[in-house]
Amino acid sequence: MSSAKNININLKIWRQKNAKTKGSMETYKLDNVSTASSFLEMLDQLNEQLVNERKEPIAFDHDCREGICGMCSLYINGRAHGPDTGITTCQLHMRMFKDGDTIYVEPWRSKAFPVIKDLVVDRSAFDRIQQAGGFVSVNTSGNTIDANATPINKDDADKSFEAAACIGCGACVATCKNGSAMLFVGAKVSQYALLPQGKIEATNRVLNMVRQMDEEGFGNCTNTGACEIECPKGISLENIARMNREYLKASIK
Amino acid sequence: MKLDSKIPEGHISQKWTDYKDHLKLVAPNNRPKIDIIVVGTGLAGASAAASLGEMGYNVKAFCFQDSPRRAHSIAAQGGINAAKNYQNDGDSTFRLFYDTIKGGDYRAREANVHRLAEVSGNIIDQCVAQGVPFARDYGGLLDNRSFGGTQVQRTFYAAGQTGQQLLLGAYSALSRQIGLGRVQMFNRHEMLDLVKVDGKARGIIARNLVTGEIERHSAHAVIIASGGYGNVYFLSTNAMGSNVTAGWKVHKQGAAFANPCYVQIHPTCIPVHGTNQSKLTLMSESLRNSGRIWVPKKKEDAEAIRAGKLKPTQIAEEDRDYYLERRYPAFGNLVPRDVASRAAKERCDAGFGIEANDTNEGVYLDFSTEIQNKGKQAAYAKGNHHPTAEEITALGKQWLEEKYGNLFTMYQKITDENPYETPMKIYPAVHYTMGGVWVDYNLQSTIPGCFVAGEANFSDHGANRLGASALMQGLADGYFVLPYTVSDYLADDIRTGKIPTNSPEFDEAEKRVKDSINFFLNNNGTKTVDHFHKRLGLIMWNKVGMGRNEQGLKEAIAEIAALKDEFYKDVFVPGSADELNPELEKALRVADFIELGQLMAMDALQRKESCGGHFREEYQDSEGETLRDDENFKFVGAWEYKGDDISKEELHKEELKYEFIKIAARNYK
Ligand SMILES: Cc1cc2nc3c(=O)[nH]c(=O)nc-3n(C[C@H](O)[C@H](O)[C@H](O)COP(=O)(O)OP(=O)(O)OC[C@H]3O[C@@H](n4cnc5c(N)ncnc54)[C@H](O)[C@@H]3O)c2cc1C
Ligand code: SF4
Ligand code: FES
Chain A
320 MSSAKNININ LKIWRQKNAK TKGSMETYKL DNVSTASSFL EMLDQLNEQL VNERKEPIAF
380 DHDCREGICG MCSLYINGRA HGPDTGITTC QLHMRMFKDG DTIYVEPWRS KAFPVIKDLV
440 VDRSAFDRIQ QAGGFVSVNT SGNTIDANAT PINKDDADKS FEAAACIGCG ACVATCKNGS
500 AMLFVGAKVS QYALLPQGKI EATNRVLNMV RQMDEEGFGN CTNTGACEIE CPKGISLENI
560 ARMNREYLKA SIK
Chain B
422 MKLDSKIPEG HISQKWTDYK DHLKLVAPNN RPKIDIIVVG TGLAGASAAA SLGEMGYNVK
482 AFCFQDSPRR AHSIAAQGGI NAAKNYQNDG DSTFRLFYDT IKGGDYRARE ANVHRLAEVS
542 GNIIDQCVAQ GVPFARDYGG LLDNRSFGGT QVQRTFYAAG QTGQQLLLGA YSALSRQIGL
602 GRVQMFNRHE MLDLVKVDGK ARGIIARNLV TGEIERHSAH AVIIASGGYG NVYFLSTNAM
662 GSNVTAGWKV HKQGAAFANP CYVQIHPTCI PVHGTNQSKL TLMSESLRNS GRIWVPKKKE
722 DAEAIRAGKL KPTQIAEEDR DYYLERRYPA FGNLVPRDVA SRAAKERCDA GFGIEANDTN
782 EGVYLDFSTE IQNKGKQAAY AKGNHHPTAE EITALGKQWL EEKYGNLFTM YQKITDENPY
842 ETPMKIYPAV HYTMGGVWVD YNLQSTIPGC FVAGEANFSD HGANRLGASA LMQGLADGYF
902 VLPYTVSDYL ADDIRTGKIP TNSPEFDEAE KRVKDSINFF LNNNGTKTVD HFHKRLGLIM
962 WNKVGMGRNE QGLKEAIAEI AALKDEFYKD VFVPGSADEL NPELEKALRV ADFIELGQLM
1022 AMDALQRKES CGGHFREEYQ DSEGETLRDD ENFKFVGAWE YKGDDISKEE LHKEELKYEF
1082 IKIAARNYK
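Just so you know, the protein sequences line up as chains A and B, in that order.
Per the numbering used here, the very first residue in the first sequence carries number 320; after that it's consecutive.
Per the numbering used here, the very first residue in the second sequence carries number 422; after that it's consecutive.
For the record, the hints were derived by calculation from the structure and aren't laboratory data.
Fair warning: this is a prediction, and the values are worked out from it, not measured in the lab.
Among these hints, one or two may not hold up.
Okay, the calculated bits of chain A under chain B, using three or more residues with CB under 8 Å as the criterion [as the list claims (entries may be wrong)]:
(1) 373-385
(2) 388-396
(3) 451-458
(4) 463-469
(5) 482-490
(6) 541-551
Here a beta-carbon is modelled for each residue, glycine too, at the ideal position from N, C-alpha and C.
Next comes chain A alone, as it looks inside the complex (with noise of 0.2 Å):
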């Protein structure tokens, strides 16, 4: 850290006053930006100025900051959470960059993630897709049988866990040129089939959420795989695969 410097960068950022106006790309100089900072530090680095000069602050989207939350996004330089692999935009570091940059900066662009206000997206179609059928319907009541009565093969579990890791963040939906959401589907389909729990009710699950996925208006899968590539959390094709399997399952059933 103490290879920490300073340096001066370019942006350029999508600002859009809300849903209904047109946005437009603005330029923005912003200097003494340190290496150690991250992308979203960067920004309110940039924000304390515009708020300074008296000017509207650019909104985005981060609570976190730690690349768990899911809540960040941003298109930068044409790649969903910018030019690193594996992370979110909050753990993107200034480091990335050279002094004398310039930067684009836009929301995901997606029909199913309509534009709220200058980089900040509605994402709340996968809360639906999740609400369609993306759970055990087990009573929360506690009166379950106990944990260790039922074994699950260690490498299913870790598989499981694998799957259940995506943060709903949407750059598999951002950067797939179809808008897919079969990544983000996928994962979640794939969590419970390999889970004994999540068997019974298998052919419903991946039945809904298909069907709520594709009236959110999520394009189709046409196996680019860009959707993998920019996954933060290194979620896997292996599950599309495996959600395909399971509603070419559902579907004769």
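Please arrange chain B with the ligands on chain A, whose structure you already have, making use of the hints.
Then chain B with the ligands, alone, in the frame of chain A:
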């Protein structure tokens, strides 16, 4: 104000069971006549909303993020405790109860903590039934690890993402209820005030953060599950949006606020790098199972490291001071958080800190011993009884990666250093708040019908909660306590009917909210909200932080009061009320943080003793350990709001009675 903790009679192990048997019920056919508001959908709120929805009540749930899945609970890394004794290492309900009370430095309520320990096993069963993918061993059974302050392995985990998996589990249960129409979810909504009718909580005022619309929502009971207030320090491990507004507004409406000064400082966070930093990142405590903490023994080595002339790997074994192992041989690196944090501060204050920032605050968390041990084990397990040094190191690193891979990656992304090759740098940071809205055994505040759950209440943790118990408490409150106690309260409401929102009480509350929004938008100040938040944070960290003393606290009280005046005179908030306006959101939250900050300092000042996370420098023994004063301070400090001037708040004391365990000095040596 009367504090009635409503702790049931009887033997500690029977209290909750007997009590539940006698709580009033609401018949299933009457539940749809009753509305419940849940503010917050982290572990506590999501589990409560899902459970109450499941029971058949009409639930309205609120969160300020775009989805319940983003709540701060998602960030918890290490794990969740439960007294399952799967490892057969002597764990039991009593032992979990005892460890937690002791870890809380005997400043938590016995009956509550026992209940927590009792339902802990159920939580794991429930979560597994929901499909939470906990770590498993090769026999297919659940795996455990240990956390600070205990000598058994009772922590259940899902890699370093336990909170995430538990929250997604609760979120899935909640989603199911939303899908069934039994819970109505209000995302991107912030509760800005509580509405009381005839002294009872009957609704809230919320702002739709997208449209700016001020909404009225009524209910027969209101549950606040809005999380902790660590962000009063500006820099903390909390998510950026975490705030105290819901709890503080309830306080202003008459709910006592308890033990505000109890703040947990977490020993293993990435040190501060610079002035633009917005938050601190935690490295899970579970790393202390495998890492050894040290600083150089010689000052000149520490200086050379800070100057970049020496690398930690160049310091010989005998020149390293493993200060926790030295001071606390029985618990070593696994001492509780407050002990580990203070010990780090002590070494850095003494000049041995290794971080090259303005404060030199940093110590090492070193995995090299573990790499060797685990590498050797792994080689042997593979039948290789004469592994080369390279083989051992490679296998050891692989072991670490399996266990903590995501944490190591996270560290590397932030610091640009590879923790497999060089020790991590860590330093304590504000993490968890043990104070909160005062609640009785039913988790009800001093306002009838206003319940408070999870980190937002003060209930179970006392002065220094141990790791892996916050997740446990959130889920215990939501899944297994509130469904009973809220029903008991609501049993009298089956004939009340809908609560109208066009009453004078709603008018008044809405006016309070609108006035304060208008004030901020029209205040023609010159400084940003963050400017004030950062200044508040510095006062808090320097004077109400890891060590506190009378003079510093008195200064803090005066400085915060002055900062408040300046804030109202000089803050500038751009934008308008009827749109997404993050600066406005921040201003409203910081206004509450400032008042709370002052109360925290007042609470710390009156507590003339040291206990756990509250370390008053005047009260320590010759070895620098905390000195409690059980005779005079064995109470919960609950404050009553008395108007704008926070210094007028009145302290009420709830005596803590320990009937079933013997209070002892907390000793981890
Ligand atoms: C980095 C990190 C690691 C941790 N690791 C562990 C661990 O390993 N084990 C452990 O036991 N604990 C751990 N903790 C602590 C634990 O995560 C928290 O104490 C716990 O998750 C809090 O849960 P909660 O439901 O009370 O609140 P939160 O999860 O903070 O949820 C608060 C909710 O309230 C909502 N909200 C807040 N204010 C308002 C408002 N005014 N209007 C509407 N909605 C509002 C938010 O939107 C959110 O939904 C960790 C904490 C952190 C920060
Ligand atoms: S699959 Fe990956 S990219 Fe898509 S929402 Fe989940 S974490 Fe984000
Ligand atoms: S802010 Fe939470 S993932 Fe980036």
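Tested hints:
1. Counting residues of the region 373-385 of chain A whose beta-carbon sits less than 8 Å from any beta-carbon of chain B gives 11, enough to reach three: the coverage restraint holds.
2. Note: the region 388-396 of chain A has 3 residues with beta-carbon separation from chain B under 8 Å; the three-residue rule is met and the coverage holds.
3. Counting residues of the region 451-458 of chain A whose beta carbon lies closer than 8 Å to any beta carbon of chain B gives 8, which meets the minimum of three for the stated coverage.
4. Taking a C-beta to C-beta cut-off of 8 Å, the region 463-469 of chain A contributes 6 residues in contact with chain B, enough for the three needed, and the coverage statement holds.
5. A count of 4 residues in the region 482-490 of chain A with a Cβ less than 8 Å from any Cβ of chain B is obtained; the coverage claim is therefore met, three being the minimum.
6. Here the region 541-551 of chain A counts 0 residues with a CB under 8 Å from a CB of chain B, which misses the bar of 3, and the coverage is violated.
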